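Novice: Listed below are the residues making up each chain.
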Amino acid sequence: MKVLVCVKQTFDTEAKIELKDGKINDAGINLIINPYDEVAVEGAIQLKEKKVAKEVVVVSAGADTAMDAIRTALAMGADRGILVKQDVDADEYARAVALAEVIKKENPDLILAGHVAADDGSSQVPTRIAEILGLPHVNVITNLEIADGVATVDCEADGGTATYEVKLPAVISSQVSWNEPRYPSMKGIMQAKKKPVETVDAVAVENKVKVLEYALPEAKTAGIKIEDDPEVAAPQLADWMLNTAKIEVVK
Amino acid sequence: MAGTWVVVDQRDGNIRKVTFELISEAKKYGEVAAVLFGKGVEGLAPEFAKYGADKVYVCDDDLFASYNTGAYVAQLEAMIKEYSPNAVLFGHTVNGRDFAARLAQKLDAGLATDAIDFELSDGKGVFTRAIYAGKALAKVEVTGNPVLATIRAGVCEVVEADGAGEVIKPAIVATADDVYQVEKEFAPTVSARPELTEAEVVVSGGRGCKGPDGIKVVEELADLLGAAVGASRASVDSGWLGHELQVGQTGKVVNPNLYVACGISGAIQHLAGMSSSKYIAAINTDPEAPIFSVADFGVVGDLFKVIPLLIEELQK
Ligand SMILES: Cc1cc2nc3c(=O)[nH]c(=O)nc-3n(C[C@H](O)[C@H](O)[C@H](O)COP(=O)(O)OP(=O)(O)OC[C@H]3O[C@@H](n4cnc5c(N)ncnc54)[C@H](O)[C@@H]3O)c2cc1C
Ligand SMILES: Nc1ncnc2c1ncn2[C@@H]1O[C@H](COP(=O)(O)O)[C@@H](O)[C@H]1O
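Just so you know, the protein sequences line up as chains S and G, in that order.
Okay, so the first sequence: first residue is 1 according to the working numbering, each after it adds one.
Okay, so the second sequence: first residue is 1001 according to the working numbering, each after it adds one.
Just chain S, same shape as in the assembly:
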């Protein structure tokens, strides 16, 4: 079985966001694999270790820097990579089209992705890829079992957890609680340098969504802070809850 993993390169989750010339400033920002995608890579490697998968291919669409994300995945244990060169301003539609094009050629049995990118927060690309390829998609998975060409997944659902079955090939997107991604070993990092990475250009399609402007949220200002005995502080907090936040106490 061949597993393909979509990895997006994103800002470190600790990064402070600033604007420059009306755009998000990426100068000096540490770039990482989207945390959800890292979990998908780990899931794919574990399938290989269990001999369920034979090959793990990682695909990333973006700038040249995305090569680092691919190398990290290779160092974790993926076999080869494909960098789809694409303008970083490509929207979810354009990214899905570009990725689907590459995926179609690779014809994998299973496509793994993260359920959301930590930067754009869109939760669209894997679903769109599945639709373009006419494949099933299941989302926010916390466990995956594969047997006889069928994937059984546990998913976070609204108001509970659900278990779904889908026939492979399928697109499956992960929640972080699925697994604990490994750190690449020194040996892995050395080996990754020799693993093949192909570079292709993204198919050119126009964005469907137009960004009008970026802004920073109004900085939340710190309010009242009481550093006093609990006997003094607690009644003040209670008073604030009742009279400012206007909460109701359940009798």
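Hints were generated in silico from the structure; no laboratory data involved.
Hints are not guaranteed to be accurate.
To be verified - FRET-style restraints, in silico, Cβ to Cβ:
| no. | chain 1 | residue 1 | chain 2 | residue 2 | range |
| --- | --- | --- | --- | --- | --- |
| 1 | G | Glu1141 | S | Glu231 | 36 to 42 Å |
| 2 | G | Glu1077 | S | Lys104 | 20 to 26 Å |
| 3 | G | Asp1178 | S | Lys187 | 44 to 50 Å |
| 4 | G | Pro1308 | S | Lys210 | 49 to 55 Å |
Being a predicted model, the structure only gives us computed values, none of them experimental.
Just so you know, even glycine gets a beta-carbon here, dropped at the ideal spot from N, CA and C.
Fit chain G with the ligands to the known structure of chain S by using the hints.
Specialist: What follows is chain G with the ligands alone, placed relative to chain S:
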């Protein structure tokens, strides 16, 4: 143009609050219809009229008994072609975002997801989205017939209004061939407390709770406030609270009237999930804890001492 459609998010007749929020908000733009999928659900139609729905499209069929992407998308696509709504809005729930993204791609259309504010006009919508886990905002324009978007729960107010709630039963065009995922099991979260993403008040416990005893203190406060209980990743990783209760970048985004952070430092990934709460209170022993920089009311102190006294005061 046939107004705005709000796709109902429900399971077993339990309608998610975001549905009513969106109907109320969409009402500002003229005609509103609720689009309901399910089996034996026609009786729910009056619920939407209460918030101003002029029409309720009821798609009642065995195929729609529980959410499944393929059949729902096939049905909605056909209805859109037949009735031409100006905009179709979904709650940004697990099902809503799956439904909307699949539909958008099928229609070769753009989609704004997880919007926290919006404005609709004919063939166009302008949406504000929180990006970088709320550290920046993007205003985006989506054009199309219809305009498609998912909206975050809790950002619009529920307002009661009279709607005709005229029931329309579109022809069912989805077939069993459209179904590709089979739901084998659904385990509802059993809790007497309100659900995290829908609660008016959330009381969260972090590593400062030090163990199940501390969590119990937090839960006691939550129950007194009729609140949902939330967790930081530290208290989830320690096994004190369930993963479904994690608030933050990799957990849930909550938008309550009041968020009470107990023994939570306020790491940037935690703030990503709660900093848009209307009011924030924090109890923490460390006066330098970053949570105080977003708290409207902070108490520097030991939660094991402060919370019991707070409970006593609130009970007065
Ligand atoms: C990619 C990524 C994603 C993440 N996603 C999330 C997420 O979604 N949600 C999330 O929460 N975290 C997330 N984290 C983890 C986050 O960085 C923090 O590690 C986590 O939020 C810390 O939890 P905490 O505040 O409970 O613990 P700590 O940071 O250890 O803070 C405990 C606090 O309790 C206080 N305290 C101690 N004793 C008491 C007492 N008796 N009374 C009152 N206060 C006391 C301490 O002063 C301290 O401030 C993520 C991290 C990464 C890298
Ligand atoms: N540029 C990209 N390259 C590779 N994978 C991507 C890209 N954009 C999105 N994805 C995948 O789609 C998931 C959801 O992204 P999004 O729809 O942007 O929230 C990510 O977790 C990735 O797995």
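Novice: Against this structure, judge whether each hint is valid.
Specialist: Do the hints match the structure? See the list:
no.	hint	in the structure
1	G:Glu1141 with S:Glu231: 36 to 42 Å	55 Å, violated
2	G:Glu1077 with S:Lys104: 20 to 26 Å	23 Å, holds
3	G:Asp1178 with S:Lys187: 44 to 50 Å	48 Å, holds
4	G:Pro1308 with S:Lys210: 49 to 55 Å	54 Å, holds
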